[in-house]
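Asks: Protein chains in written order, with this note's numbering: chain B, 38 to 252; chain L, 38 to 252; chain Z, 38 to 252.
Hints were generated in silico from the structure; no laboratory data involved.
Bear in mind the structure is a predicted one, so any value in this text is a computation, not a measurement.
Keep in mind that a hint or two might mislead.
[To be verified] Straight-line C-alpha distance at most 25 Å; calculated BS3-like pairs for lysine-lysine:
(1) L:K74 x B:K193
(2) L:K193 x Z:K193
(3) B:K75 x B:K193
(4) B:K74 x L:K75
(5) L:K193 x Z:K74
(6) L:K74 x L:K193
(7) Z:K193 x B:K75
(8) L:K75 x L:K193
(9) B:K193 x Z:K193
(10) Z:K74 x B:K75
(11) L:K74 x Z:K75
(12) L:K193 x B:K193
(13) L:K74 x Z:K74
(14) B:K74 x L:K74
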Amino acid sequence: MSASSPLQWLVANGSIIFESVGILSYALSGLIEAARKKLDLVGMAMVAALTAFGGGTLRDILLDRRPFFWVENLTWIYVILGLCVAAMLFLRSRHLDLTERAMQWPDAIGLGIFSAGGTQIALQSHLPAIVAVVMGVIAAVFGGVARDIVVNEIPKLFIDHQPYAVLAFIGSWIVVIGDGLHWPDFVSLGLSALFIIALRVGAIVFGWRLPVWKV
Amino acid sequence: MSASSPLQWLVANGSIIFESVGILSYALSGLIEAARKKLDLVGMAMVAALTAFGGGTLRDILLDRRPFFWVENLTWIYVILGLCVAAMLFLRSRHLDLTERAMQWPDAIGLGIFSAGGTQIALQSHLPAIVAVVMGVIAAVFGGVARDIVVNEIPKLFIDHQPYAVLAFIGSWIVVIGDGLHWPDFVSLGLSALFIIALRVGAIVFGWRLPVWKV
Amino acid sequence: MSASSPLQWLVANGSIIFESVGILSYALSGLIEAARKKLDLVGMAMVAALTAFGGGTLRDILLDRRPFFWVENLTWIYVILGLCVAAMLFLRSRHLDLTERAMQWPDAIGLGIFSAGGTQIALQSHLPAIVAVVMGVIAAVFGGVARDIVVNEIPKLFIDHQPYAVLAFIGSWIVVIGDGLHWPDFVSLGLSALFIIALRVGAIVFGWRLPVWKV
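Work out the full structure, taking the sequences as your base and the hints as a guide.
Replies: As structure tokens, then:
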């Protein structure tokens, strides 16, 4: 082993680590919403799974792709079930606000990963650029939208005036550009995801708002 | 150019014009609902797109057809984005009621176009007549149903006692009959759409109601 | 005809009878919910159809299977329409509570039939065991979840602390085991469905509750 192993390991496993952070943070946001709404154990598991898998699954239905990523990699189903048991044992009311604020950061990673990844998968299906970008946005945001709908709320995404989906929309174009310029996949994916993550972190830190629309 | 050019042009482009009126009026109804609920810009764009594209997309998922019509004709995505910008600049509260009443008319056109068109597409996929008619109804009404669900309302369609889906159901059988009698497509499509539009206009003008069901 | 004809007839037609009981009880639960929410006739028909067909249709979309069971067997569409007419003529407020309690029993049959059947269909599509079981659960519960969402409630399934989906999850593994041991289809299907039905009846009769999760 050379001194550079940790870095090599990070490059080799980076996409898996990032994807895991994204899926876990989406599942956790489902769990927290379920806890707030006092759902039972089954509701908790279903909302967590819907939030984590919903976006990617809808993307694959729209693209007519099979198998779904949670069928190719069964670990995720068990991870969700394990998360629910862990939440049942350890999650308490006083954790909820804290956890929600803490979760904005991994959620930003999920946003970047899923939108860049969704855009690339759609491009590989030979869809036009604008459609690929829309698929990336759908992959990144539909889980959260479905989570809010099943717990009977207007999706936060539609109403909170924070830049979120719009950042996914902007940053996903980097994947399109990289594809046009024949960059290696991991470069365009990585740049796009990092750009979206950076924008989202900026939006949280500096409190950016969408242009207001006064009806 | 002969004196009859305007008419010839209308016949040649009639279906595109009608379809455009339908899609635009559905998108506008999404915009108006989003404005009422004080959604932000992103919510506005998403609800408008869902209302305009939802029915046709669900129809194509059920029929396992690709590409979706908004993928074949990318203009529509840009039209929705443009509509949102226009709404942001020009739409004000005092317009909302006015606009909603004005929109009943183009919406009736959308109902006729989408249900006749959806029925025909399902027949071309060799589905039985009753299923084709159901697909036509789904194509015509699902966008509005999804719009109401995401803004956290019971779908108006399910609860307002106005004849709407039932007119699509009745009128779509004309496409089935025309198909059985080998009429040219544009004849059965046109007759069915016009019949549904006429029924819907009648329902609005004369205040027809569904038979009441007293629980 | 031998003396055993009634038994032979039951064995030959058992799955159709059971399936019919399941679909009818799901459709009725949609009707009752629609009546409670004072939906109109169209809403009633749509919610009944969504509840009865929603789970199987989503299962088939996820598995990329066509035709849907309600396209293969058109009778069901007419049955739903007939049910709505019957409900309109005969259903009154004072029936609602009574009907809902009475319906728990056929609903338990639906739960057993749809989850065992959904699991087997997914196994025939060569999906891994855990995914097949998840598909069984989705087939059995999605109709009821969609019913509650469209009438603007948090799905009862997610919040009432009664064992329901979890019984489908447990009992569907019998289909997986039977498949592994090469039992005849009707044996593993029948055992799994009966086991789930028995558990559900036990849950209703003895008032079993999910382990409580105190946030």
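Asks: Next step is simple, just say for each hint if it's right about the structure.
Replies: Now for the hints, and whether the structure bears them out:
| no. | hint | result |
| --- | --- | --- |
| 1 | L:K74 x B:K193 | 12 Å, holds |
| 2 | L:K193 x Z:K193 | 22 Å, holds |
| 3 | B:K75 x B:K193 | 19 Å, holds |
| 4 | B:K74 x L:K75 | 23 Å, holds |
| 5 | L:K193 x Z:K74 | 12 Å, holds |
| 6 | L:K74 x L:K193 | 15 Å, holds |
| 7 | Z:K193 x B:K75 | 12 Å, holds |
| 8 | L:K75 x L:K193 | 19 Å, holds |
| 9 | B:K193 x Z:K193 | 22 Å, holds |
| 10 | Z:K74 x B:K75 | 23 Å, holds |
| 11 | L:K74 x Z:K75 | 23 Å, holds |
| 12 | L:K193 x B:K193 | 22 Å, holds |
| 13 | L:K74 x Z:K74 | 22 Å, holds |
| 14 | B:K74 x L:K74 | 22 Å, holds |
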